[in-house]
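Protein chains in written order, with the working numbering: chain A, 12 to 423; chain B, 195 to 364.
Derived from the structure by calculation, the hints contain no laboratory data. Do not rely on the hints blindly, as some may be mistaken.
As the list claims (entries may be wrong) - Chain A side only, calculated, beta carbon under 7 Å to chain B, not exhaustive: (1) ALA18; (2) LEU22; (3) PRO24; (4) SER33; (5) GLN34; (6) VAL35; (7) ALA40; (8) GLY44; (9) ASP172; (10) ASN231; (11) GLY232; (12) ILE391; (13) LEU408.
We treat Cβ as the ideally placed atom computed from N, Cα and C, and that holds for glycine.
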Amino acid sequence: MDRDRYAAELLQPLVREPAGPSQVDIAQAIADGERRRRTVRLVSAGGAAAVTVLALVAVWTIARPAQEAAPFGGVTPPLPDPAAEATGTPSAAATVPAPPASCTVRRLPMPAGHPAKSIVTGGDPTGRYIVGRSYPKGGRSDRILIWDRGKVSTATMTGADPQLSDVTSTGVAVGSSFVNSEDLVTAAWVYRNGKITRMPGEDAEARAINEREVVVGSVNGRPAMWRSPTSQPTMLATPDGSGWQGWAAAVDEDGTIVGRLSRGNSWDQAYLWRPDGTLEALPKPTMNGKPATTYTADAIRNGWVAGWSALDEGATRHLAAPRWHLPTGELDMIDRSVIVNAVNRNGWVVAETDEASLVAGDRYVRLPGLHDAVSLRAVIPYTISDDGATAAGQASLTGDGGDPVAVVWNCR
Amino acid sequence: MRAEERQEYVEYVSGRLATLRQVAYLLCGDEHRADDLVQQTITKLYVRWRQVSHVEHLDQYVRRMLVRTFLDERRRPWSRVGLLAALPERPSPADHRVEDAMVLRAALAQVPRRQQAVLVLRYLCDMSIEDVAEALSCSAGTVKSQANRGLATLRRLLDAEAVSALREGN
Numbered sequence: 012m013d014r015d016r017y018a019a020e021l022l023q024p025l026v027r028e029p030a031g032p033s034q035v036d037i038a039q040a041i042a043d044g045e046r047r048r049r050t051v052r053l054v055s056a057g058g059a060a061a062v063t064v065l066a067l068v069a070v071w072t073i074a075r076p077a078q079e080a081a082p083f084g085g086v087t088p089p090l091p092d093p094a095a096e097a098t099g100t101p102s103a104a105a106t107v108p109a110p111p112a113s114c115t116v117r118r119l120p121m122p123a124g125h126p127a128k129s130i131v132t133g134g135d136p137t138g139r140y141i142v143g144r145s146y147p148k149g150g151r152s153d154r155i156l157i158w159d160r161g162k163v164s165t166a167t168m169t170g171a172d173p174q175l176s177d178v179t180s181t182g183v184a185v186g187s188s189f190v191n192s193e194d195l196v197t198a199a200w201v202y203r204n205g206k207i208t209r210m211p212g213e214d215a216e217a218r219a220i221n222e223r224e225v226v227v228g229s230v231n232g233r234p235a236m237w238r239s240p241t242s243q244p245t246m247l248a249t250p251d252g253s254g255w256q257g258w259a260a261a262v263d264e265d266g267t268i269v270g271r272l273s274r275g276n277s278w279d280q281a282y283l284w285r286p287d288g289t290l291e292a293l294p295k296p297t298m299n300g301k302p303a304t305t306y307t308a309d310a311i312r313n314g315w316v317a318g319w320s321a322l323d324e325g326a327t328r329h330l331a332a333p334r335w336h337l338p339t340g341e342l343d344m345i346d347r348s349v350i351v352n353a354v355n356r357n358g359w360v361v362a363e364t365d366e367a368s369l370v371a372g373d374r375y376v377r378l379p380g381l382h383d384a385v386s387l388r389a390v391i392p393y394t395i396s397d398d399g400a401t402a403a404g405q406a407s408l409t410g411d412g413g414d415p416v417a418v419v420w421n422c423r
Numbered sequence: 195m196r197a198e199e200r201q202e203y204v205e206y207v208s209g210r211l212a213t214l215r216q217v218a219y220l221l222c223g224d225e226h227r228a229d230d231l232v233q234q235t236i237t238k239l240y241v242r243w244r245q246v247s248h249v250e251h252l253d254q255y256v257r258r259m260l261v262r263t264f265l266d267e268r269r270r271p272w273s274r275v276g277l278l279a280a281l282p283e284r285p286s287p288a289d290h291r292v293e294d295a296m297v298l299r300a301a302l303a304q305v306p307r308r309q310q311a312v313l314v315l316r317y318l319c320d321m322s323i324e325d326v327a328e329a330l331s332c333s334a335g336t337v338k339s340q341a342n343r344g345l346a347t348l349r350r351l352l353d354a355e356a357v358s359a360l361r362e363g364n
């Protein structure tokens, strides 16, 4: 619901009457229909019986005793810090590094024979793995791409519009595709060691995975969590009453999950599921001195939560990028930003401001596009590593808003 | 089919052609393809007329057939042809509006087809989430997530002016 008005206004120029007289011919439809009726009767005599597949979904209640492995009902042992492992610094000394001074952009390599058009759809906390997709046949025939330290490999995910959404520092990625072209049913997938396998759950979407390989997303349009990519999904708690819809968008290393929920015609609201399953609404951002009309939480890392909020005042919709810090309960707005796509362990974000930026504390570091001279905004950052040295996303190849290509930024 | 059934069919379809054509046009952005979508849809409807003519929500049923025909169109070799090609030929009194529409239509054409259908039905045809879900045989949650995904993709594809307009809430 959150973007309804903006979406309707955005698409408004397309509202036009079809020009010219209709060429539709009812008599032709009857003639063709008569022919097809005969064909249909022959075929349907040997038609296969429909097979109904029941979704196997365990319903998770908070009352369940804390017998499962953490983070779902117990104390969570500290995790090895993937960024520390990668850089060789001990995780105990988890001090905030100095923010980078500048960032340089370069294109990510494409598989041989693939056209340039490509996008980034996720990255791991160390900056080693980046996932995305290409369009080898043009149009909408998508192919999954995985970059490991800048070296590209491809994978094929069954179904239409395949996408890997997130990846761990060990290269395990999750995503979704449409598996039934008529019914708009999604399936969740896990990528590991070059192989993509389907995750349990009907009409499932996998949106994020943490280092413990806990996966979150949705099943049947409601927030869900998988204890592992092979587990049956567990439905997350929703507020009292029926009809809640939404999804879990991201999961922290301690098992804290953030996402969004709405019901009926209500606006989306950001929610938080504690590691023990307790549901909480995230504090509502204030904009122009008024409570936001709608707000969402889309990313979480080390207790930092990044999201999106809007305030409708008359015909104007104000947008902002809220950031919550769970340990302190603080909520601030990332100045000059309207879209934040990722947050790292220090609360640094990649944001779309007047231009694309890496925002580290008070410092705004420009993420350059491939054509600096061109004024059109055509740079989208999508991931940021824990050390702030690597970000990834896409930039227009021609600088004029044309085909996007996958890029990586090195910041120091 | 008996003559009176056929007459019912002709009456029903005649009364719905304009609406169906409008929805088909919004879905695909091209008059010729819109006509083709409607032609295919009413042919399928004729084949099933005896079974469906008395269903309670016939309009919704036919709209769903139309949307599915649109979704299935991706398999046809010519499905990617002509979105932009058809637009500039059309004379228009308001050039910048045509330009806006062209940019938007080109961007929309790059959005995955199911998301296109969700965006068009929800925001251009002004259908409720429940009606879109019904038309696409999916959950309301899927409609919402696809609308969000589709909008995010559109946003990425659109140029600076469109984006700044959205930011200012225009």
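Structure-based check of all given hints:
no., hint, result
1, ALA18, "holds (5 Å)"
2, LEU22, "holds (5 Å)"
3, PRO24, "holds (4 Å)"
4, SER33, "holds (5 Å)"
5, GLN34, "holds (4 Å)"
6, VAL35, "holds (5 Å)"
7, ALA40, "holds (4 Å)"
8, GLY44, "holds (3 Å)"
9, ASP172, "holds (4 Å)"
10, ASN231, "holds (6 Å)"
11, GLY232, "holds (2 Å)"
12, ILE391, "holds (5 Å)"
13, LEU408, "violated (13 Å)"
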